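**Student:** Spelled out from the first residue to the last, the chains are:
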Amino acid sequence: MVLNLDLVFLSKEASFDIQFSLIDYDGSMSYGRAYLVGLLNTLLVSFIGIILSTILGIIIGVARLSPNYLINKTASFYVEFFRNVPLLLQIFFWYFAALRALPMPEDAPLIFGSSYMTIKGLYTVAPVWNNFDIFFIALIIAMIVIFFFNKFAKKKQEEEGKQYPKFLISLGIFIIIPAITFVVGGVDLSWSFPELKQLAKTSFTYEGGMGIPPELIALTLALTLYTATFIAENVRAGIQGVGKGQKEAAASIGLTPSQVLKLVIMPQALRIIIPPTTNQYLNLTKNSSLAAAIAYPDLVLVFAGTAMMQTGRAIEIVGITMATYLTISLAISMFMNWYNKRIAIQEK
Amino acid sequence: MNNVNILKPNKENLNLFLVFGALFFLLGIFDFCLNNFYEKNITGFLPGFISFFTPLIFGMIGLHLIRIEFSGIKILDELNKNINTNNFNAALSVSIIILIIFSVAPLLNWFILDANFVGDSKEACTGGGACWVYIKVWFNRFIYGMYPNAEQWRVNATFIIVLGFMGLGYFFPLKLKKYLTFYYVIFLPIISFLLIYYLISGGEFGLEWVETGAWGGLSLTFIVSFFSLIFCFPIGMMLALGRRSDLAVVKYSSLSFIEFWRGVPLITVLFMSAVMFPMFLPDGTYVDKLIRVIVAITLFEAAYTAEVIRGGLQALPRGQYDAAKSLGMGYWRLHLLVILPQALKLVIPGIANTFLALVKDTPLIFVVGLLELVGMLNLAKTNPKWLGFSMEGYVFAGIIFWIICYSMSKYSQKLELKFKTDR
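Chains as they are written, first to last, in the numbering used here: chain H, -14 to 333; chain R, 198 to 620.
One thing to keep in mind: the hints can contain errors.
Capping the alpha-carbon separation at 25 Å, the derived lysine-lysine pairs in BS3-like fashion look like this [stated by the list, open to error]:
hint: 1; chain 1: R; residue 1: 611; chain 2: H; residue 2: 58
hint: 2; chain 1: H; residue 1: 229; chain 2: H; residue 2: 247
hint: 3; chain 1: H; residue 1: 232; chain 2: R; residue 2: 278
hint: 4; chain 1: R; residue 1: 278; chain 2: H; residue 2: 58
hint: 5; chain 1: H; residue 1: 58; chain 2: R; residue 2: 372
hint: 6; chain 1: H; residue 1: 58; chain 2: R; residue 2: 607
hint: 7; chain 1: H; residue 1: 229; chain 2: R; residue 2: 208
hint: 8; chain 1: R; residue 1: 208; chain 2: R; residue 2: 319
hint: 9; chain 1: R; residue 1: 617; chain 2: R; residue 2: 372
No lab work stands behind these hints: they were computed from the structure.
Note that this is a predicted model, so its numbers are computed, not measured.
Just need the whole structure built from these sequences, with the hints factored in.
**Tutor:** Next up, the structure:
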C-alpha cells in the first residue's frame, strides 16, 4: 500500500459552516481556516476551564481543611462526587438534561438586568470598543511598567531594606495608564444589550450583545467541576505538606498570620501544588476534545470530524490533530516547568 | 437571673440562652423554608435587602446565643467546637445548612416523592418527578446492549466465572503464593479471553454467534475496562523500567512512546484506531473493532501507568540498588525482588488513580460506534416512544459509575494502609 501524503487540501474551499467561531469564517474559506477556527475554540474552552477550575479548586481545597465540620464535609462530598463520575457523562448531563430544561428565548427571565439564560444559550452584554488597539497597547505598556517597577522595588528592598506597597502601586499603574487612553486616546467603551427579536411566529432569538452557545456552557461547566476536584486535592495536599514547625517558627520570629501565610506557607505549598496541577491543566486541555460528543465545534469535531469526512485525508488530518495537541501539551508543560523552576528551592 | 448580657452568653443563664438560641436558629430556618417552598415572606415588612438575609441573620444570632464555652453539655460543646467557633464560622455554617435544605428538598422530591416506579410505558409517568419506569423498561438494554435477550445468561455466566477465578487468588495456599502474580498477569487474562471468546461471542459448541457490534451496555464497560486494566499494568511497568534503562535505544524509545501517548487526547487515539489503523493492515485482514479499542486504551493508559511507576522507582534510595547489586543480583532479579515490590507499594494511590481514569474513559468508545452504558443511554433517549427522559438515564449511569469508582478508590486506600511500611 502506498501512502501519499498531501497537504494541498488545506487551501481548498471547506464548504461547511461552523456554528461558533471566534474569527470570521464561512463555508467559502479554506480548510486551513477551518482548522484555525477549531483550534481557537479548543483554546478558548481550555483557557476558561483552566481559570475557573483553578479558582474553584483553591476554594474547595481550602474548604476541605476548614475546622468547620459542615464546610469540610460539603467540600469533600463535592470532591468525592464529581471526580468519580465520568467526564463524558457529566458533559452529556449538562448538555442534554440540565440545559435542555431552560426556558425558550421568549420566556426567559432577565438576570442581573442584562442577561438571558435560555435553551439556546446565554445572552449577555457585550462590550463595544472604539480604538481597542490603543487601549490594548496601553495595557501592555502598563504591564511592562509594573514589571520594571517590581524589579526596582525588589532591588531597593535588598539594598536599603526599604519596602514599597508593591501591590497597591502596581494596581494603580494597571488602572491609571489604560484609563488615560479614555481621555486622550479616543478610546470609548459602550455596552450592547441583547434584545428579543421575532424570527417567525413561534421562533424567537436575541440580537445584539454576546451569545454564548449552550455547548460551550455545558463543556465549560463539566470541565470546571470535574477538574476542580483534582486541583482541590492538590491544594489540600500542598498546604498539608508544609510542616507544622514552619508555621510555628515563622510565628515565633514575630510575623503576623497574613505574613506567615504569604511568606512562609504559600511559597512552600506552591512547590508541592504546581507539578500535579500542571498535569491537571494538561488533562483539561486534552479532555476538551470531548466537545466532539456534544457538537461544540472544537478541533476534533471540525477538523478530525467534518473535514476528514469531506476530504478523506485521514492520515494527514489525524496526524495534524495529534501534533497540535502534542504542541499544546508541551507548551503548557514547558511554561509550568519554567514557573516551577523559578519557585523551586535554590539548593546550595 | 441577674445580669443577663446578651453579647456575652455565659454559663449562668445557660438554659435561657439555649432556648432563645434554638428559637432564633429555628426561626431563621423556618423563614427560609416559608420563603422558598411556600412563597410566603413573613419578613416582608422589612426592606427587600434585609428581608432577603433574615434567615442568615436569625441563624447567626441563634448560633451566637448558644456559643457558650465549657457549658458542661457534651453535645453543645462538640457543636460549638465544630461548626460555631466564631461569627464568621457561624455565618458559613448557616449558609451551608440553608444551601443543603435548598438543594436536598427538591432533589428528594424528584428522586423519590414525586417519582414514578410502577408501570411499563411512558404513560405511567405522570408526576413531576423522575420516571424510573424508563430505567426499568430499558434496564436489560443498559446492561447488555443489543445482546439478544435469550442469550444474556451467557454474559452473566462469564462474569460469574471470571469473578470466581479472580476471587480464587485470595484462597491460594501459602505454598503457591509466589505464583500469584503469574496467575493474575498471565493465567487470568488468558482464561477470561477464552471465556469471552467462546461464551459471549459464541459460534461454537452449539452457541449462537453474537457479533461484537451487538455487545454493549454496562457489560461492555466491564469487558473493556477489565482487559485494559490487566494489560496496561505490565506494559506500563516495562515502559517505566525502559525509561530508566542505561541503553540509549531502549531509553529514548520508551521516553518518546510515553510522551506521545500522554500528549494526545484519548478521543484522537480512538479515532486513529478506527480510521487509520485498518489502512496499515494488509488487504483482507480484519481486526475486530473491540480488540482495536482495547489495544488503544491499553497503550494510552500504559503510558500514564509508566509515569506513575517511574515516580515510585525514583523515590527509592540508591542504597537499595547498591545493596541488591552487592548481593550479586542481576538486572531482572534486582528489579523483580527488591526494587519493584517497594516501588509499587509507594505508588498504589497513583496507580489507583490511573485505573479510575481508565474506567471513566471507557464511555469514549462511542467514537468507534461501540455503545457501552453511556452510549446506550444516548441511543435510548432518541427512541421516539421514550423522548424526554435523558435526565433519569444520566442520573442512573452516574450513580452506577460513582459506585464503581468510589469503591475502587476506597479499596485502594485500604490496600495502601495494608502495605504501608514505615521507613
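**Student:** Take the hints in turn and mark each one as holding or not.
**Tutor:** Tested hints:
no. : hint             : in the structure
1   : 611(R) to 58(H)  : holds (21 Å)
2   : 229(H) to 247(H) : holds (15 Å)
3   : 232(H) to 278(R) : holds (22 Å)
4   : 278(R) to 58(H)  : holds (15 Å)
5   : 58(H) to 372(R)  : violated (46 Å)
6   : 58(H) to 607(R)  : holds (17 Å)
7   : 229(H) to 208(R) : violated (34 Å)
8   : 208(R) to 319(R) : violated (61 Å)
9   : 617(R) to 372(R) : holds (24 Å)
The structure fails to meet hints 5, 7, 8 from the earlier list, while all remaining hints are met.
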